[in-house]
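Dock chains H and L against the given chain Y, drawing on the hints supplied.
Residue numbers (the numbering used here), protein chains in the order written: chain Y, 1 to 365; chain H, 1 to 501; chain L, 1 to 144.
Because the hints were derived from the structure by calculation, they are not lab data.
Check the hints yourself; a few may be wrong.
Said to hold, decoys possible - Partial pick of chain L residues on the chain H-facing surface, computed with a CB cut under 7 Å: (1) Trp10; (2) Cys14; (3) Val32.
What the hints assert, rightly or not - Quick list of in silico lysine to aspartate or glutamate cross-link-like pairs, EDC-like style, CA-CA up to 16 Å: (4) Lys314(Y) x Asp128(H); (5) Lys497(H) x Asp113(H); (6) Lys314(Y) x Glu132(H).
Where is the CB? At the ideal position from N, CA and C, for every residue including glycine.
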Amino acid sequence: MLEKEGKIRIPAGCAISGIFSKSGKRINGESIIKSISIMHDRSNGLGGGFAGYGIYPQYKEYYAFHVFYDTDSAKNECEAFLDRHFDIVDMSKIPTRPHKNITDIPLIWRYFVTPRPTKLASSQLDEKEFVSRCVIKINTHIDGAYVFSSGKNMGVFKAVGFPEDVGEFYRLEDYQAYCWTCHGRYPTNTPGWWGGAHPFAMLDYSIVHNGEISSYDANRRTVEMYGYNCTLLTDTEVITYIFDYLVRKQGLTLTEAANTIAAPFWSTIAKLPEEERSRMTYLRNKYSGCLITGPFSILLGFEGGMMALNDRLKLRSMVIGEKDDMAYVASEESAIRLIEPDLDRVWAPKGGEPVIFTLNDGVEI
Amino acid sequence: MAINYFYPEYEVVRDTNKCIKCKVCARQCANLVHTYDEEGNVMLADSSKCVNCHRCVTLCPTRALKIVKTDHTFKENANWSKESIYEIYRQAETGGVLLSAMGNPKPLPVYWDKILINASQVTNPSIDPLREPMETRVFLGSKSGPIERDENGKLVNNLKPQLELEVPILFSAMSYGSISYNAHASLARAATELGTLYNTGEGGLHKDFYKYGPNTIVQVASGRFGVFKDYLEAGAAVEIKMGQGAKPGIGGHLPGAKIVGDISRTRMIPEGTDAISPAPHHDIYSIEDLRQLVDSLKEATEYKKPVIVKVAAVHNVAAIASGIARSGADIIAIDGFRGGTGAAPTRIRDNVGIPIELALAAVDTRLRDEGIRENVSLIVGGSVRSSADVVKAIALGADACYIATSALLALGCHLCRTCNTGNCNWGIATQRPELVKRLNPDIGSQRLVNLVTAWQREIKEMMGGMGINSIEALRGNRLMLRGVGLNEKELEILGIKHAGE
Amino acid sequence: MKKIYVNEEWCLGCHLCEYYCAFANSGKSNMVAALKDVKINPRIQVEEGKDVCFAVNCRHCPDPICVKSCIAGALSKNPEGMIEINTDKCVGCFTCVLVCPFGAIMPNDDGHAIQKCELCTKNGNGTPNCVAHCPNNAIVYEER
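In isolation and in its complexed conformation, chain Y is listed as follows (with noise of 0.2 Å):
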């Protein structure tokens, strides 16, 4: 019999595409989905989903979590606990529309909530350590709930399938964000579990990515006494992990994450001016085990921005393109010149080169 995911570490080649308004300008779930309709060659259907930000301005200050049940008793434990740990302000099924290509469906939940005051200050956490804390338990602990999405005013939509039907399965049409990043997954071998499917997410970080990474159980061993817990054995997973590691919990900037996790060889650390050479061995040296290697190109999305990645070789295709202020990420550039053929720029980023871009000054989402 196969395994589930989290049982078995699946390896899983992919296509990523992502697009971002430095103005903030919103725009609905269409282009992205037939960005990666293009790319259907490098998904095999068993895994699809996009994240999308600024989707939720109602509700911008409370935790948006999208969960997925297996059964009703998993959803009667699972809103349990969060009734004991949350204010539930909104819960709703997460609208979906029937697609001849999406089965076996699972519930599908979405909550808006936010930490119980009394908890959290009994908890003596910071409140995004308090709630990364919670949805690690529920993802634990309780068999059968998983949530998949966690973050303000943003959300991860994911199935088993190839992309474009998921997008259309979720009614993307009617969100709008200034962010939307997506992906389609080829895994090797995999019965298809809709919790692995990407993006994943860990707060308002979300990642997709193309790649298997060789330093995989190294990575996962050394985030795991952090208190992260890998269930899913994805590189997806363990990636974001590293980078709320690094970022939110250590205080790196997204550049010298990215300088960790994708470091320059000694070789060309050796030719740079002192004080480079001196942050980039630091950085080498202290978080050892956060070093990625093997193939990956990364789209991690976060509140007010998004970052592209490749690995330190370049051992996956990644391209950007630039038109006006908005910004194409994709593995392939036929993704970009789809949704817009006269671009500003286009260009492929170095190995290891983090791109990142954010929302212009004085732009409130």
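Using the frame of chain Y, we list chains H and L on its own:
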């Protein structure tokens, strides 16, 4: 009274058709096995003196010599081996503790040989180390603590002192006294050329070798031989030796006969006195005492050098390592039960301690479970025999490996396991000047450099095969390992899956 | 010119150089065939004292007294500086044997001429055989 006759275990076989009577065997055997009988114009051999060190075999210009295991035998007995019987005779005769040298030779499981390494196929690319950078540099030392920024927001290097190695292999502790001046010279020179470190062991540091200080680990053991301010300041790191894999729980004893000349000066004890290392450090009867010694050594070296604490792999090594990691040590060295020695009681060498593979896995897991793995680096030793063992050790969770027996083999040792006699024909474990000179450090250091360079190349090949181009991505990457022929419990302790899973 | 030098610090007195010298100059391809039951007469010889030993062979002196003393013109210094012996000219007077301060010239096996180290240039060995087989690098062949 019983009469004991010990028929030689090994016999010298000379092909008289090939022997040209050049007498090199007679001249080179410090055990006086070979003699030339002038009257009969014939070379003779007394096999009872032979330790099977192959010095004569190696130098014989016509390949006229070989050493064979004797077929002289007792009545077959699956319970009473010849070895057991002879040991009884020997003890009945002498009333003494049996002594042996080098590592445990018993047929106990070697887990390295039951672990297999992964390689990339299709889903991600392997990397060719001849065409792409392949990094084996490693830093040893504590990485703990939050980041700090200066007033401009720039990161401040707030790491505790680190050791930088170009390859994750260090030469393990062997004292001057247990091995020769020329062996030390070879190790020191090779470590310097390789960009790694060698370890003085507990016998102090000869004044000639202070110049290799940046590539030297100075050891502080229970006897404190040769320990003084200049010594501590000379090394790149200080190692507190709590135990040794070959003889956990007991100290050392270098007989007064070997405490002569430079050895006496280097150890700072009078000529002819026995150098006895107590079993415990008599200022460390508990973990809090260790903390004080760590702190005082750091204070003495102005917090500029990492402190290593070396322990033998014993049953509760994980808990001990956890204690050490919280005692201010920067690096923990663990020595497995197959580790070598210049001399140890046979029963202890062969029966005390646990395999390094299991100890390493248990310690790494424990430190991670407690979230303190980055407080310390881990060095493991106790029979690391090849680059594959190094790769497996790092994937199990080590930062680097100590090698000693492998290094001695590179210097010419043939594992005859009679270091304790002081008659080493290869000039390694001896202080007899005419034997010491047999090890020319020009040759010795080059052979050590060759060995480690060869291993480094092989490590890079294996890493490239796994699609890993930097050694830190291999560290603790247990998914790259699979077990064969191991039971559930062994796999659980090693934290790896069985092949096929 | 590259010469053979001996470092007594590393000489073990194993005498292997003598046997490899004898073998190299035996004209045979097998050491057993060359040296079995043969009393060797090597061109390099190990001197042994109480605590020291070293191998001695021709130093190829810059101002060679052996060449000066040769009554037959059999000894000469070649353009590189190596002292050569022409056995066809040697009359076996052994004056050179007497004058060599190192004792590095000796009568050859048949006793009618002398022999000395010619750096294995005439026996087809290439590098000097004593150097190639010294187990401790005590004999080296180098430019100084």
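Exercise for review: Assess, step by step, whether the Cα of Lys314(Y) is no farther than 16 Å from the Cα of Asp128(H), and give holds or violated.
Suggested key: holds, 15 Å
Review point. Minimum Cβ distance from Trp10(L) to chain H below 7 Å?
Key: holds, 5 Å
Exercise for review: Sort out whether Asp113(H) lies within 16 Å of Lys497(H), counting only the CA atoms.
Suggested key: Holds: Lys497(H) and Asp113(H) sit about 15 Å apart, inside 16 Å.
Exercise for review: Double-check Cys14(L) for me: the hint is only fine if its C-beta lies closer than 7 Å to a C-beta in chain H.
Suggested key: holds, 5 Å
Exercise for review: Tell me if Val32(L) is really an interface residue toward chain H, meaning its C-beta lies closer than 7 Å to one of theirs.
Suggested key: Holds. Min distance 5 Å.
Check your understanding: Has the given pair, Lys314(Y) with Glu132(H), been kept, meaning a C-alpha gap of at most 16 Å?
Key -> Since the Cα atoms of Lys314(Y) and Glu132(H) sit roughly 12 Å apart, the hinted pair holds (cutoff 16 Å).
Hint violations for this structure: none, all hints satisfied.
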